[in-house]
Each structure stands twice: as structure tokens, then as C-alpha cells.
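Taken in sequence, the protein lines are chains A and B.
Read in order, the letters of the first sequence correspond to residues 81 to 433 in the numbering used here.
Read in order, the letters of the second sequence correspond to residues 71 to 204 in the numbering used here.
Hints may contain errors.
To be verified - Listed next, the in silico EDC-like pairs over lysine to aspartate or glutamate satisfying Cα-Cα at most 16 angstroms (straight line):
no.	chain 1	residue 1	chain 2	residue 2
1	A	K395	A	E420
2	A	K211	A	E179
3	A	K411	A	D152
4	B	K122	A	E304
5	A	K430	B	D165
6	A	K430	B	D187
7	B	K90	A	E179
8	B	K107	B	D96
9	A	K423	B	D165
10	A	K413	B	D165
11	A	K413	B	D167
12	A	K427	B	D142
13	B	K73	B	D187
14	A	K411	B	D165
15	A	K324	A	E193
16	A	K395	A	D371
17	A	K216	A	D232
18	A	K423	B	D96
19	B	K78	B	D167
20	A	K413	A	E123
These aren't lab readings, by the way, just hints derived from the structure by calculation.
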Amino acid sequence: MASADNVGILGWGAYIPIYRISSDEIARVWGFDDKIPDSIWVEEKAVGAIDEDTVTMSWEASRYALMRSGIDPSEIGAVFVGTESKPYSVKPTATIVAEALGIPPKKLASDLEFACRAASEAIRISIGLVKSQIAKATLVIGADTAQGAPGDLLEFSASSGAAAYIIGNPNQAAAVIVASNSYITDTPDFWRRDGAPYPEHGEIFTGEPAYFHHIVNAVNGLFEEYGFTPKDFDYAVFHQPNGKFPLQVGAKLGFDREKILPGIVTPYVGNTYNGSALLGLAKVLDIAKEDEWILVAPFGSGAGADAYAIRVTDKIEEKRSLAPTVEELIKRKILISYGEYTKMRGKIRKYER
Amino acid sequence: MFKDSVPKYWRLRDVVYRLKYIYCRDCGKSSFPPRSKCPYCGSSNIDHRYSKGNGVVEEYTVMYQSEARYQDYQPIVFGVIRLDEGFRIVAPIVDVDPNSVEEGMRVEATLRRVRVDGSTGLIQYGIKFRPSRR
Chain A
81 MASADNVGIL GWGAYIPIYR ISSDEIARVW GFDDKIPDSI WVEEKAVGAI DEDTVTMSWE
141 ASRYALMRSG IDPSEIGAVF VGTESKPYSV KPTATIVAEA LGIPPKKLAS DLEFACRAAS
201 EAIRISIGLV KSQIAKATLV IGADTAQGAP GDLLEFSASS GAAAYIIGNP NQAAAVIVAS
261 NSYITDTPDF WRRDGAPYPE HGEIFTGEPA YFHHIVNAVN GLFEEYGFTP KDFDYAVFHQ
321 PNGKFPLQVG AKLGFDREKI LPGIVTPYVG NTYNGSALLG LAKVLDIAKE DEWILVAPFG
381 SGAGADAYAI RVTDKIEEKR SLAPTVEELI KRKILISYGE YTKMRGKIRK YER
Chain B
71 MFKDSVPKYW RLRDVVYRLK YIYCRDCGKS SFPPRSKCPY CGSSNIDHRY SKGNGVVEEY
131 TVMYQSEARY QDYQPIVFGV IRLDEGFRIV APIVDVDPNS VEEGMRVEAT LRRVRVDGST
191 GLIQYGIKFR PSRR
């Protein structure tokens with residue numbers, strides 16, 4: 081089995097805002113069939129507070145990732161934020177986050193956009209930077225305050241959250257990225273025009289030609305190139321636009337539900353977009369044991385998917401307890417009404433006085 | 071409508087993002103915000119340090135009426151927080167029911183939006199506090 085990447089995950093961190101709105105509440109307000117939440121398996125979604133955005137959530141997840149990494153912020157040579165909810169159209173999120181974390185100026189820093197997959201692209205870029213020794217370590221963040229138009233089906237799932245990873249030397253790592261693969265095409269399944277507050281989506285077009293086609297090809301490409309089969313993996317984590325899609329794509333690829341369920345987060349916190357698959361990976365790293373293997377396949381509309389084969393090392397145990405687990409963050413919650421949600425997410429149009 | 075000072079925000083970023091403070095090597099006291107001399111003994115023999123952001127609520131109040139640009143944050147809990155490094159700071163406490171805040175409560179730092187300068191100006195970030203998670 082070829083070892084193409086051999087780059088380490090030194091630390092991982094998750095952040096889920098404390099506020100939740102239930103799918104039942106959204107269905108009640110907009111008069112949806114009350115079977116919809118079950119049909120997509122989204123029970124609640126996380127709602128960023130009024131003073132939270134991609135910068136603040138990135139900072140939170142990164143702090144936890146740094147705690148687990150055991151490295152000093154000065155060793156970070158690149159900071160990437162994958163997001164489709166930048167607080168500024170022009171001004172990087174990454175510079176604010178890096179400054180607030182105390183990462184010195186000698187670094188690369190940028191925001192990447194590829195719908196829900198930008199942070200995964202940042203991981204692949206980081207593999208190159210670390211292997212080529214351009215950067216000793218990098219900080220990759222996937223964070224979004226996902227937008228869903230009021231009354232749109234997307235409103236059931238579009239949520240807020242972040243995940244962060246320190247990528248670096250495999251000898252210090254909790255897990256090693258052994259191999260990776262990408263599959264990218266021009267597929268218009270979901271988009272948001274410049275200046276538009278909410279995205280448009282191609283209804284059922286988002287499923288088969290977009291999500292399923294790209295993930296299946298990214299994963300099968302990884303399997304063909306490196307000789308993996310589903311039996312080689314103890315866990316499988318996929319992008320989670322809802323709770324059902326990852327189970328369906330896993331079944332197509334030959335994975336049992338038992339390997340997929342440990343990494344499922346969306347039914348409890350919604351689709352955090354760039355955080356989605358990476359929060360799922362964080363949830364698995366919170367429980368995985370030495371020498372277990374994890375398949376991770378993020379997806380982004382537009383469209384593209386990646387597949388990673390990750391092997392857990394003996395250092396995972398000592399790092400795990402250094403920051404809150406995803407399960408702890410899921411359980412820490414305050415339920416809010418639709419009215420509070422609209423205020424927190426800026427959906428109420430106010431006029432400046 | 072509002073035009074906050076961009077240079078002032080930029081100059082203070084280490085203070086508002088990372089709680090930079092001074093520690094006096096002569097009298098052993100810490101103080102915030104950082105300055106060139108120790109406010110307790112006047113010594114210039116000081117270190118600049120960064121707080122870990124953990125502390126305890128010494129006193130608090132709840133604000134139900136504020137100027138227009140803070141109204142979206144209401145009710146706002148303001149706490150006098152003593153950081154573990156020894157200095158005190160007045161700051162908002164978030165992610166909490168105002169009725170459950172109490173003196174002696176452990177809190178931790180969280181980076182949040184502090185001010186948003188109209189619809190075209192800067193978004194200013196800074197440290198607020200929330201109940202400790204661990």
C-alpha cells in the first residue's frame with residue numbers, strides 16, 4: 081500500500097455555539113409537514129450568538145486545536161480559513177484569527193472558498209507545505225455561519241460551527257494522513273451570487289450529480305490508487321448536509337452504518353458547512369484508538385470532494401483530554417425560539433437610526 | 071452612522087484580542103491595561119504578558135438599556151472579573167441566562183464581536199467572558 085502523504089494531525093479542535101433551534105420549531109413557524117425533520121434527520125441546529133461569526137468561531141476551535149497540538153503558535157507557518165460566510169467581502173478572516181491567537185507575522189494566511197469543501201482543500205495544500213518543509217506546521221480551519229433563507233428547506237440544516245486542525249510532523253501526531261485524493265468538476269448544484277444574502281440550490285440536483293457522484297469518485301479513486309477497501313477502515317466520515325446523505329453514500333461505497341454513525345454530527349447541530357465533515361472527524365478522533373483507520377470524505381458544492389485515509393497513532397490518548405470533545409459541545413446547549421434565532425442571525429431587517 | 075477610530079482599534083489589538091497586561095518585577099503585582107509604569111509602585115521594571123483568560127466573577131450587573139448600537143446584545147451582563155493572573159477587568163459575560171450569574175462563578179475568555187461600525191465600517195473583536203466549561 082503506497083504511503084503518499086505521511087503528514088500528521090498534531091491537534092484538533094471543535095466549536096459549536098451554545099444556542100440551538102429545533103427543526104420542529106422551524107416547521108411550526110413556516111407550516112412545513114412535521115415529517116420533514118425526520119425525513120432528512122436533522123433534529124436541532126446550532127445557532128451562532130449575535131456576537132459570533134466565522135472569526136470568533138475559528139478562534140475558538142483553533143485554541144482547542146493548539147492546546148492538543150502541544151506546539152507554540154510561533155511554529156505555525158500558514159493559517160487557512162475555509163468558509164463561505166466571511167465577515168468581510170474584502171479583508172481576510174485568517175489575519176484576524178492568527179493575530180488573536182498570537183501567531184507571528186512570518187506566515188501565509190488566507191481565506192479559501194469552495195462552498196463546504198474549502199477547508200479540506202486547505203488540508204491538501206497543507207500536506208504540500210509540510211512535506212516540502214515550506215511550513216513546519218499549518219492551521220486549517222473550517223468555519224461557517226451558514227445562510228438559509230427564511231422559509232427555505234435549507235433553513236432546517238444551515239447552522240453555525242467550526243473545526244480546526246494543526247497539520248505537521250507525523251512523528252508528533254495524534255493521527256497520520258497516509259493518503260488523499262480529490263475529484264472536482266463544474267457542477268452547479270448550489271451557489272450564492274455576489275451580494276446575495278442567501279444561496280440558491282438546484283433542489284434534487286444537489287444529490288445524485290453533486291454530493292453522491294463526487295464523494296463516490298473521490299473515495300473510489302483513493303481506493304484504486306492505494307489499494308484500500310472499506311474493510312481497511314474502522315470509521316467513515318462524510319460531508320453531512322443532513323443526517324441521511326452520509327449513511328446513503330456510505331452504503332453505496334460498502335460501509336456499514338456502525339462505521340459511519342460515530343462521526344455523525346448534523347442531526348444534533350445542523351450542517352456547519354466547512355465544519356461539517358471536519359467536525360465529524362473531530363468526533364471520531366475523540367474516541368478512536370491507536371492503529372485504527374479513518375476514512376474522511378468532505379464535499380463542497382460547485383462541486384468537489386476529497387478522500388483521506390487516516391491512521392490513528394499512540395499519541396491520541398494524551399491529546400484527547402486537553403480540550404472539550406465534540407460530544408461535550410453537542411450536549412452543552414440552550415434551546416431558543418424562532419424569534420430569538422432570527423435576531424441572532426441578523427434576519428430581522430433594521431433601519432439605522 | 072458611526073465611525074470608530076481605525077488606528078485606535080489597530081493599536082489596541084494585542085490588548086483586546088489577547089488581554090495583554092503588565093507584571094511588575096519589583097512589587098509582583100499585575101495590572102491591566104498595559105502601561106509603561108506599574109500603577110501600584112511606579113516601577114518601570116515590568117514584563118508584558120498575556121492572560122490565559124480564566125478568572126472569577128467578583129461583581130456583576132445586568133444592563134437592559136444601552137445606546138442604539140448595543141441594543142441587539144441586550145440584556146448585557148457586565149462583570150468585574152478577577153483574572154487568575156491577578157488583575158481585574160470589566161467585561162461582558164455571554165452565553166448565560168442573566169438570572170444564573172453569581173459572584174464567585176468561574177469564567178473563561180471568548181473572542182466575540184464587540185462593536186460593528188455601521189454597515190460599512192470595521193467589525194471590532196475583543197475578549198468577553200462566558201461560564202467556564204471545564
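(message) Between the alpha carbons of B/K107 and B/D96, is the straight-line distance 16 angstroms or under?
(response) Holds. B/K107 to B/D96 sits at ~11 angstroms (cutoff 16 angstroms).
(message) What's the verdict on A/K430 and B/D187, does the C-alpha distance respect the 16 angstroms limit or exceed it?
(response) holds, 15 angstroms
(request) Starting from A/K211, check that the Cα of A/E179 is at most 16 angstroms away, please. (result) violated, 25 angstroms
(request) Take the C-alpha atoms of A/K395 and A/D371, compute the straight-line distance between them, and say whether it is at most 16 angstroms. (result) With Cα atoms ~11 angstroms apart, A/K395 and A/D371 stay inside 16 angstroms; holds.
(request) For the pair we were handed, B/K90 and A/E179, check the Cα-Cα distance against 16 angstroms. (result) holds, 13 angstroms
(message) Need the status of pair B/K122, A/E304: alpha-carbon distance at most 16 angstroms?
(response) Roughly 48 angstroms separates the two Cα atoms, so the pair is violated.
(request) Take a quick look at whether A/K395 and A/E420 sit within 16 angstroms of each other, Cα to Cα. (result) violated, 42 angstroms
(request) Sort out whether B/D187 lies within 16 angstroms of B/K73, counting only the CA atoms. (result) Status holds; Cα separation ~6 angstroms.
(request) Could you grab the alpha-carbon distance between A/K427 and B/D142 and see if it respects the 16 angstroms cut-off? (result) holds, 12 angstroms
(request) With a cut-off of 16 angstroms on the C-alpha distance, tell me whether A/K324 and A/E193 pass. (result) Not OK: A/K324 and A/E193 at ~25 angstroms, beyond 16 angstroms, violated.
(message) With the threshold set at 16 angstroms, check whether the alpha-carbon distance from A/K430 to B/D165 stays at or below it.
(response) violated, 23 angstroms
(message) With the threshold set at 16 angstroms, check whether the alpha-carbon distance from A/K413 to A/E123 stays at or below it.
(response) holds, 13 angstroms
Violated hints for the displayed structure, listed by number in ascending order: 1, 2, 3, 4, 5, 15, 17, 18, 19.
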